[in-house]
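Line order of the protein sequences matches chains A and B.
Heads up, the first sequence is in the numbering used here, so the first residue is 1 and it goes up one at a time.
Heads up, the second sequence is in the numbering used here, so the first residue is 1 and it goes up one at a time.
If you are wondering where the hints come from, they were derived from the structure by calculation, not from laboratory data.
Treat the hints with care, since some could be wrong.
[As the list claims (entries may be wrong)] Here are the simulated DSBU-like pairs of lysine-lysine, each with C-alpha atoms no more than 35 Å apart in a straight line:
{"hint": "1", "chain 1": "A", "residue 1": "Lys-364", "chain 2": "B", "residue 2": "Lys-47"}
{"hint": "2", "chain 1": "A", "residue 1": "Lys-156", "chain 2": "B", "residue 2": "Lys-448"}
{"hint": "3", "chain 1": "A", "residue 1": "Lys-156", "chain 2": "B", "residue 2": "Lys-124"}
{"hint": "4", "chain 1": "B", "residue 1": "Lys-367", "chain 2": "A", "residue 2": "Lys-364"}
{"hint": "5", "chain 1": "B", "residue 1": "Lys-77", "chain 2": "A", "residue 2": "Lys-156"}
{"hint": "6", "chain 1": "B", "residue 1": "Lys-173", "chain 2": "A", "residue 2": "Lys-27"}
{"hint": "7", "chain 1": "A", "residue 1": "Lys-77", "chain 2": "B", "residue 2": "Lys-156"}
{"hint": "8", "chain 1": "A", "residue 1": "Lys-386", "chain 2": "B", "residue 2": "Lys-35"}
{"hint": "9", "chain 1": "B", "residue 1": "Lys-233", "chain 2": "A", "residue 2": "Lys-156"}
{"hint": "10", "chain 1": "B", "residue 1": "Lys-307", "chain 2": "A", "residue 2": "Lys-364"}
{"hint": "11", "chain 1": "B", "residue 1": "Lys-47", "chain 2": "A", "residue 2": "Lys-386"}
{"hint": "12", "chain 1": "A", "residue 1": "Lys-307", "chain 2": "B", "residue 2": "Lys-156"}
{"hint": "13", "chain 1": "B", "residue 1": "Lys-124", "chain 2": "A", "residue 2": "Lys-35"}
{"hint": "14", "chain 1": "A", "residue 1": "Lys-173", "chain 2": "B", "residue 2": "Lys-309"}
{"hint": "15", "chain 1": "A", "residue 1": "Lys-386", "chain 2": "B", "residue 2": "Lys-27"}
{"hint": "16", "chain 1": "B", "residue 1": "Lys-173", "chain 2": "A", "residue 2": "Lys-35"}
{"hint": "17", "chain 1": "B", "residue 1": "Lys-77", "chain 2": "A", "residue 2": "Lys-27"}
{"hint": "18", "chain 1": "B", "residue 1": "Lys-47", "chain 2": "A", "residue 2": "Lys-156"}
{"hint": "19", "chain 1": "A", "residue 1": "Lys-364", "chain 2": "B", "residue 2": "Lys-156"}
{"hint": "20", "chain 1": "B", "residue 1": "Lys-156", "chain 2": "A", "residue 2": "Lys-386"}
{"hint": "21", "chain 1": "A", "residue 1": "Lys-233", "chain 2": "B", "residue 2": "Lys-35"}
{"hint": "22", "chain 1": "A", "residue 1": "Lys-156", "chain 2": "B", "residue 2": "Lys-180"}
{"hint": "23", "chain 1": "B", "residue 1": "Lys-156", "chain 2": "A", "residue 2": "Lys-448"}
{"hint": "24", "chain 1": "B", "residue 1": "Lys-156", "chain 2": "A", "residue 2": "Lys-47"}
{"hint": "25", "chain 1": "B", "residue 1": "Lys-367", "chain 2": "A", "residue 2": "Lys-156"}
{"hint": "26", "chain 1": "B", "residue 1": "Lys-364", "chain 2": "A", "residue 2": "Lys-367"}
{"hint": "27", "chain 1": "B", "residue 1": "Lys-173", "chain 2": "A", "residue 2": "Lys-124"}
{"hint": "28", "chain 1": "A", "residue 1": "Lys-156", "chain 2": "B", "residue 2": "Lys-173"}
{"hint": "29", "chain 1": "B", "residue 1": "Lys-89", "chain 2": "A", "residue 2": "Lys-27"}
{"hint": "30", "chain 1": "B", "residue 1": "Lys-124", "chain 2": "A", "residue 2": "Lys-367"}
{"hint": "31", "chain 1": "B", "residue 1": "Lys-448", "chain 2": "A", "residue 2": "Lys-309"}
{"hint": "32", "chain 1": "B", "residue 1": "Lys-386", "chain 2": "A", "residue 2": "Lys-367"}
{"hint": "33", "chain 1": "A", "residue 1": "Lys-302", "chain 2": "B", "residue 2": "Lys-156"}
{"hint": "34", "chain 1": "A", "residue 1": "Lys-448", "chain 2": "B", "residue 2": "Lys-124"}
{"hint": "35", "chain 1": "A", "residue 1": "Lys-35", "chain 2": "B", "residue 2": "Lys-35"}
{"hint": "36", "chain 1": "B", "residue 1": "Lys-27", "chain 2": "A", "residue 2": "Lys-367"}
[As the list claims (entries may be wrong)] Here chain A is said to cover these stretches of chain B; the calculated rule only asks that three of the stretch's residues, wherever they fall, bring their Cβ under 8 Å from a Cβ of chain A:
{"hint": "37", "stretch": "67-79"}
{"hint": "38", "stretch": "152-166"}
{"hint": "39", "stretch": "374-380"}
{"hint": "40", "stretch": "429-443"}
Backbone N, C-alpha and C define an ideal beta-carbon position, used for all residues, glycine too.
There are 2 protein chains.
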Amino acid sequence: MKKLFLILVFIPIFGISQDGDSLMVRKIYDEILTKGECYENLRSLCKDVGARLSGSPEAAKAVGWGEALLNSYEFDKVWLQEVMVPQWKRGKKESCILIGQDDVPLNVCALGGSVNTNGTISAKVVMVNSFEELDSLGEAAINGNIVFFNTPMDQKQIRTFNAYGGCYPFRSKGPSKAAKYGALATVLRSLSTLTDHSPHTGVMRYEAGIPQIPAAAIGTADADILENAMLDKLDITLQLTMHCQTLPDVKSYNVIGEITGNEHPDNYVIVGGHLDSWDIGEGAHDDGAGIVHSIEALRTLKAIGYKPKNTLRVVLFMNEENGAKGAQKYAEEAKSKNEKHIAAIESDRGGFTPRGFSISGTEKQFKQLEEWENILMHYDLEYIVKGFAGVDIAPLKNGETALIGFAPDSQRYFDLHHSENDVFEMVHERELKLGAASIAALIYLIDKYGI
Amino acid sequence: MKKLFLILVFIPIFGISQDGDSLMVRKIYDEILTKGECYENLRSLCKDVGARLSGSPEAAKAVGWGEALLNSYEFDKVWLQEVMVPQWKRGKKESCILIGQDDVPLNVCALGGSVNTNGTISAKVVMVNSFEELDSLGEAAINGNIVFFNTPMDQKQIRTFNAYGGCYPFRSKGPSKAAKYGALATVLRSLSTLTDHSPHTGVMRYEAGIPQIPAAAIGTADADILENAMLDKLDITLQLTMHCQTLPDVKSYNVIGEITGNEHPDNYVIVGGHLDSWDIGEGAHDDGAGIVHSIEALRTLKAIGYKPKNTLRVVLFMNEENGAKGAQKYAEEAKSKNEKHIAAIESDRGGFTPRGFSISGTEKQFKQLEEWENILMHYDLEYIVKGFAGVDIAPLKNGETALIGFAPDSQRYFDLHHSENDVFEMVHERELKLGAASIAALIYLIDKYGI
């Protein structure tokens, strides 16, 4: 590739007229691409704070980090919104050993919310690939054993979130479904697009009235080892040890900042991500990226001197990963104060190269978003679809507020999601900055024209 | 991010009718995403062959590698097309020392095609940021000195190829422009989107009748060091040593394979990339990706049992990087044999996540490509633009053949382009496979409907 520019460089960047909106959006991108602070902010969140599971000292530190950062940007108002959150602790590193001629340790982690093994559970493994298979095996095969949910993410899906959706129930509901048949524990093939030895955690939920059994995930390469061992030999025993526990709920906070609107200070356009993360890795893409995207969007609009009509608010939600208590609290308070939310934007799909937005709202709101494509397409934001927008803004759904999710490219997200590999080094500076600029541009358009 | 799927998973993947084309395109993607061989082929090209500059023993090895691979897929015809190519050798590692109280070694590499320093050149440095600045300084300031072209790639550009285009003239033409004013050598801030210590090479060309002076590139972080030193102190001396030389042209080959058409065997749809690479790194994205994309496209169409109407041809072009002799040879022979080329597709912008295609052709051809967007958009190929298609297919331009360039996301490409970092490990398996599938799908549509 050497001569491409000969043509490209002579194509003007804008095919549309250089009107005020185009110039303003260009100004937003220029500010972020040349003076953006989101990448260094993310480095700080990942390295100075690190992993920050709800209720942990690190999550408390993240609250202080967020409040200080918002204050440093001198937004018109910065405050903490109190919320009670669950407190789950992993405890000592888990172990999972495949017992055989040579014992093989498998890389394992407890799923969030799981009970511990109360010592070590040693039992035979029953491998299943679907809930139908689990049901057909029934109590006769499962009682007293460990169930291994071995369904890989479907590589045929173009958008990896669809593949994640296909396997998610094994993580969230698998343990209780197996417990109904007398399983002692469950082990899950990690929800990952890669084959490697990193287990991916994530939330699971016990069904009421069913015995609560320990639930763990093993790396996809470890799942291959276990699967192969089971294909070789009928009776395979696993030895599982987990020390996790759930402690009483503790006080935590959403962190909120705002730039007061000039014309309609009681109307709000909000943008946010979640401040909590899982306790392994650094929560860089999930959702450090969304946090710094959101803060950068408001910083930028202020930095370029934009005076919003409506109040622009950034919300760093607490506890998306295992409860969404921050999201519920924010929506409750917004409702009780009768705050009119024009739109809520969420970034919680990583800091990868931007593709567009998904919108959950009225047909009219979708059409309005589509109309802006003549501006957004010049920034490679061509993916405008109806769809889910985000967990933290979902409770704001009321038939009026447009809920919009920022949609970056999804190919690399589930390589590292909820694993030790979700670290700052996996985030690309320009991709992250382009994400922040995409969101800031959208906030500008919504603030100016409504949606 | 945990509940997104709750909605997404219930949205059908296709909004359009499940007609034959959609099913065929789906089959292409399924084949590559589950049984694709391009990633392992790229590993082999990068690790078993490695860097492969035209005229080198490694390039000869790459020709054998390509021929053997095409033969292994049992295409209807596989052959080598002889072509004479330039032979430039870097020789011993270059050195560039910033002379001062403490001598500071800067990371440097010769630009492709440069003469050597015939020993060591030690001279004062004149820093310029534009050709205008060079001209205004003129002979008085430049004669007997080393010119430092210090213009960074413009981070404000959304698509990095535009930023590359802006700096490319400093690499290709800078040496002769400086030599006109009596410069002894030139040193270039590497054309890179990152700040690091890896120099990026690339081709330069001497203007006839102007003294040929040595031309090198230094890492962008090294350029910062040099720039800062010059801001501190007026007189900065560099000591530059380069051992490169140009030897007589040697014989090499384009490697070609084809699947004969059922209805119009004398009509061709071709796809290709370039087999040569620079001599540092492994030429993984540039252009190993294009090579394995192209081969995989034909392998896949054969594997799923597709019988093309027209002859489908894969061309592994030799010598794109410093001469494009393979491209010229292929076009000459196609013309002399009166081969009707319906379309030529090139992949030479890396193996990153697919965005779409650029087309250089008639308005009608552009409209046809746009019409297919109702299928391609389901595979996130929404970027369909008029523009340059590729260096290796450019000589086929004749007003009839549609020239189409595969356009992956550009954000990461110039981080590693022409540097030691362009290695296999920087290629993402799913992204690479999606690229191959995008190209195979387009070949299918063009073969079936024409363009």
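Hint check against the structure, violated hint numbers in rising order: 1, 3, 9, 10, 11, 14, 17, 22, 27, 28, 29, 30, 31, 34, 35, 37
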